[in-house]
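Peer 1: The task is simple: from the sequences and hints, build the whole structure.
According to UniProt numbering, the stretch in the sequence shown is residues 1 to 106, in order.
Just so you know, nobody snuck in bad clues.
Calculated lysine to any residue pairs in the SDA-like style (CA-CA distance at most 25 Å, straight line):
hint : residue 1 : residue 2
1    : Lys100    : Asn61
2    : Lys103    : Ser24
3    : Lys100    : Asp20
4    : Lys16     : Tyr95
5    : Lys59     : Cys48
6    : Lys59     : Val102
7    : Lys104    : Asn58
8    : Lys16     : Phe49
9    : Lys59     : Ile23
10   : Lys104    : Gly55
If you are wondering where the hints come from, they were derived from the structure by calculation, not from laboratory data. Keep in mind it's a predicted model, so treat the numbers as computed, not measured.
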Amino acid sequence: MKLNFSQRFVDVVLVKRYEDGTISSNEAELSPPLLRFSRKDSNHPVVCFCEPLPGEPNKTNLVTFFQTDLSGYPNPIPTKALWTPSFPHSMTSFYANLQKAVKKIP
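Peer 2: Written out as structure tokens, the structure is:
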């Protein structure tokens with residue numbers, strides 16, 4: 001069984017750097033959606049905080065908050081086998097790509 005997720009949204013992302021080294025990123029969904037190019041669905045936000053570690057100028061603490069939603073499935077989710085492969089791949093890719101991007105920063 002394959003699952004179809006709602007990560008097909010185009011968002012505007014603002015990244016702000018603060019004097020203490022903290023970085024924030026805020027996104028806003030573009031409005032109004034063009035229905036011929038997108039389908040109506042929900043998009044749950046993922047929030048990442050990058051916080052400099054005191055006394056460790058080359059290290060950052062990354063905290064991520066996310067919500068998974070298997071819309072249309074009753075609670076609780078029918079089987080762990082259905083849920084387990086649906087989320088970790090995308091987050092694994094996110095962290096792997098983040099690690100590669102950070103290594104490229106001079």
